[in-house]
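Quick note, the sequences are listed as chains X and L, same order. Everything in the first sequence is counted per the working numbering, starting at 1 for the first residue and increasing by one. Everything in the second sequence is counted per the working numbering, starting at 1 for the first residue and increasing by one.
The set of hints was computed from the structure by calculation and includes no laboratory data. Glycine is no exception: its CB is placed at the ideal position from the N, C-alpha and C atoms. It is possible that some hints are incorrect.
Distance ranges between label pairs, derived from CB positions [said to hold, decoys possible]:
| hint | chain 1 | residue 1 | chain 2 | residue 2 | range |
| --- | --- | --- | --- | --- | --- |
| 1 | L | P15 | X | S46 | 45 to 51 Å |
| 2 | X | G296 | L | I118 | 45 to 51 Å |
| 3 | X | G296 | L | G26 | 29 to 35 Å |
| 4 | X | F184 | L | G26 | 49 to 55 Å |
| 5 | X | F262 | L | E68 | 28 to 34 Å |
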Amino acid sequence: MQTFPLPSVYEALLLVMQNYPDNFNEEKKLEVEALLDHCIRGLESSSEKFLATLFIKAIRKHIGSSTSFEHDENIYLRKFEVSQIELFNFLINEFPFVRDAQKLVNSSIVSLIRGHEEAVIMDIGIGQGVQMLNLLKMLDGTEGLRKITMIGIEPFGDALKVAKEKFSEADLSFKVEFYPICEFIEAFDFSGLKPILSKTSGPLIVNESLALHHVPRLIDRHKVIQCVRALKPKAFFLTEPNTDHFEPDFYKRFQNCYNHYFHIFQVIDTIPSDYRVKDGLKLFFGREIDDVIGGGDHDRSEKHEPAFRWVEKLLVAGFVMVDRFTGLPEDIGHGIEVVFNPITGGVDFKVKKETVLSILQAACVN
Amino acid sequence: MQLIYNENVELIYDPDSFELLQTWKGFVPSGLFREVIDTSLDFIRSNKVDLLISDTSRQKVISGNDAEYAASVLDAMFTAGLFAMAFVLPQDVFTRFSLKKFADAGIDADRVGYFNKIEDARKWGGFVKSAKG
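Please put together the full structure from these sequences, using the hints given.
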């Protein structure tokens, strides 16, 4: 086999993306095809090629189905699919960003609740209640704790049912009262919480993990944070990917997106698991890339924002940032550094120089 | 001797050095690309050609099918008497990927070379000819 120097796939992707939105003539389409053909060969052994293939898949969604390509990347990617439930379990239990971020938030919540007989926890985007169940287990045996009121807001009713079941099955040293609220957070009328909160005592802790970036409009993000502030919580925890996918300029958004997922893929490569699961996880993130790159501005749902912009919203709403994190891990491996960020007042999960995920903690001064 | 000339490609034969030179420019439509490949093969079959140089330095991307087509006729060119084929490497990122696909086809790899400059391609062609001849 003859060899000669080849450009990096990122270099080629940059050129492809410059044609967005309407410069994909026959020649440019062939360029996409040549890059795809190059990436498909050796996909299994190259994270960079895998990532580029997912970007090509996303951009081809934009170019349209009228185009006849020699290759259908879906055929190559389909073999990497893993069941949702297996992926979900893997994400929660093995994927360091999710696992260790939730662990850190939970231990910080535990330290805020300790010493109280009762507490209220409101989780925005509670899903199937995995993080909250882990929190309840961490609280189990806490001296003097008698009752936790758990409010779970989640747009998917089936997930709420699972959460309810999990909480009711948990054998804990205190009573758990669960209030499932099936609603998109931006559509939720916070005054509906009054009857619940009037019956409770103890500190109110609000948590959101990878949920608020799904609120499509900035004005609604502000509104939600202001509504949370009006509840005067003892703490409001936010866990969010630190990247700008709200960026309207496609080319800049692509660069942000590539950079973000490139570093996530680097971490996936280090996880001691078989390739089947790792590739399945990459494919899972491919759906997010599809959304960021292939989706129109109005129907995109993965509109991540960098941490400093969440801080701005929190400050505007009257919160202050506080550094009351408990259980900051020293070394979680996988090339991830967990560090306090003096600018945002939060904790960053960094891979090399890239902050992939940030945890923020806000509080009310009055 | 000029065999083909248009805005996308020039095909020239030098009877003194027995060299057939394809010089590609810009985006070459599939039909024209295959026509030049076919003409080159026909010419090699009926004339003495030692070295075929494909100067792709200014060529834009070609389809994977066209790259495979070019690779598929190379054996026939060698059977017809061609000693070696040299490529002058493309500047274009995507054409490099197309050429890599051609290279990976692995047809008589010792007789196919890739070079940055046409002078180097010619020098190598002379070396292969003397080694084989």
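Against the structure, the hints come out as follows:
Between P15(L) and S46(X) the beta carbons are some 47 Å apart, a value that agrees with the proposed interval 45 to 51 Å. About 48 Å separates the C-beta atoms of G296(X) and I118(L), a value consistent with the hinted range of 45 to 51 Å. At roughly 33 Å, the beta-carbon separation of G296(X) and G26(L) lies within the given 29 to 35 Å, and the hint holds. The hint said 49 to 55 Å for the Cβ distance between F184(X) and G26(L), and at roughly 52 Å that hint holds.
Restraint check, F262(X) to E68(L): a C-beta distance of roughly 31 Å satisfies the suggested window 28 to 34 Å.
Checked against the numbered hints given earlier, this structure breaks none of them.
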